[in-house]
Amino acid sequence: MWKPTESRHKLRLYVAGTTPKSLRAVQNVKRICDAELANHYDLEVVDVYKEPGRLARDQVIAIPTLIKFAPGEIKRLIGDLSREEQVRKGLGLLAA
Amino acid sequence: MKPGETISINTDELLVRIATDEARIAELQTRLAEAEDTLQAIRTGEVDALVVSGPDGDQIFALEGADHAYRLLVEEMQEGTVTLDQQGLILYANRQFGSMMRTPVETIVGSRFERFLAADRSDSFAALLTDGENTRKRRELTLIAADGTRVPVHISLNCLQTGGIQTICAVITDLSEQRHYEAMVKDGELSRLILDQAAEAIIVIDARGKILRASESAQKLAGRNILFQHFDSVFQLRSPEHEVVDTARLLSGAVAGSGLKSFEVRLLRSGRPYSTVLLSSGPLWSAAHELLGCAVTLTDISERKVSEEALARQAQALERSNGDLRQFAYAVSHDLREPIRIVTIYSQLLEKKYKTHLDDQADGYIQHTVQAALRLEALLDDLLVYTQTAESPQDADSLLDANLALANTLTVLETRLAESGATVDSDPLPALRVDEVHLQQLFQNLIANGLKYRGDAAPRIHVSAQPENGMWKLHVADNGIGIDPQYHKQIFGLFKRLHAGDKYAGSGIGLAICHKIVERYGGRIWVESEIGKGSSFYFTLPGAPNP
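One line per chain: the protein sequences are W and F, in this order. 78 is the number that my numbering gives to position 78 of the first sequence; each next residue is one higher, with no gaps. 227 is the number that my numbering gives to position 227 of the second sequence; each next residue is one higher, with no gaps.
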């Protein structure tokens, strides 16, 4: 489990409406974060159909994309986030 | 490398390896540049489809696809939509749902639906989601928005298998507005009683013009049941200028805060003449100061209108017959002049030529005839002036110097003034807004009056003026025999004479003419006098602004 003393995880997930991979991505990121981080994370889900303008800001070229802004380096994860080990690694939740 | 191991490097071999590495780096750089170019092209919208490798071969994903229309529909529809998984996690929500819950959509997706439920309701909602029996479910329940507002909704749930996940699609309809109207309409027995007993047609419409309540008399006015119909389709109203008066106008008037008060409109009815109704309307506001609709009152004044019109017609008929009478009086006085003139001339000839040839009795007869003929002639002249007073030109626009009019009058009366030894003097007079002929007639009649009804002393007549209530009051005073106060009103009537014909010559029309002229200009005329103390005639006329 992530140690609460460290800073909160700041996450933004880009999805595209109700496409299957987007729905799965939401489900997966919630499952992993709830299990590992409990309440110590902020997740914003951006629907690119509602706000196409935000794509350029975060340089997103594929959907779904999960961006971890903190802690540590900015890290991008592309796909429906079903490969759990890779996601944990990307979020810095596994010992390297 | 282990300690103690000697390093032996062949320089040639090293150079070859470096060259190979450099070549690989160059190759990688080229590939990297290519990849960056590709990404750049995708990012800047230079492509409109992507090819994605899948287990069944390559799939093409169009960026602006056929589902675009559906996406828009879902995003823009009036209902809220959310996609949940079976645990109640919100995987998707449209904008409308966000605004219903007064919560940014970004913070809704990824959270749990139960956050919008009252604590005691979340269990039953969870049961609803996992109930596999029915794939379609409908409920009415109350959601709680971020700011605590309770939002009554109708929710329709639909279980779907999407991309390998069991999801539940919910369509959520906000019922607050509907509840609000229901509450408004339900508002007590009192309003029903008022509506049923009101003599006026009272109609309550919502902000879209639908009739929510209508009084008995409104139903009667429409001739049918009008509940829940659109106001405009029931009542076709036009202003007197034929402008359409519809709910858009009533409601915008209500928004502007200016409800209509007793506005006369025409109610058009097919196959029947229109009715005239008085329309009043006032806005209905919610507690949150939203316009819920209008209360409209229609009062049928057709009957009143009919009697008003009848009255107007009578007035018109009266005016016409008055005109006819004037015409008749004019024709009579005009046409009679010629024969009377002949009678006068010949009776005067008779008097002149045969006065001494006949006996005294005959002389007396002839004298009477001559006098009567002269009087009749004078009478007709005055009558003619009187009838013409009403026909003369309209009120003068320009100002007339009353001093000048008086001077002209005195010129006309010169001989009579000289004969009677009268003196006429005046104070400076104002400019008046009257026709010169009229003012001269006034002066002439009143001054002649002073000469005619003179006492023993030489007649003295004084003319003056002073402002009174935005008009000018003119005063013609004489030192004549005076008039008994009991006759002060009568003397202005036609043919009113207080003295027998012999003593004072005159037709009895002069003051009636004065009265008529002054009335024409909205003024009044009266006399102040006592027997033996002279007479003061006053009349008011419009003129130059008072000082």
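What the hints contain is simulated information worked out from the structure, not anything from laboratory work. Hints are not guaranteed to be accurate.
To be verified - Reference excerpt, derived from the structure (chain F facing chain W, CB under 8 Å, subset only): (1) L73; (2) E75; (3) M77; (4) Q86; (5) R102; (6) V109; (7) L117; (8) D120.
Note that beta-carbon positions come from the ideal geometry of N, C-alpha and C, so glycine has one too.
Hints breached by this structure = Of the numbered hints given earlier, those the structure breaks are 1, 3, 4, 5, 7, 8, listed in rising order.
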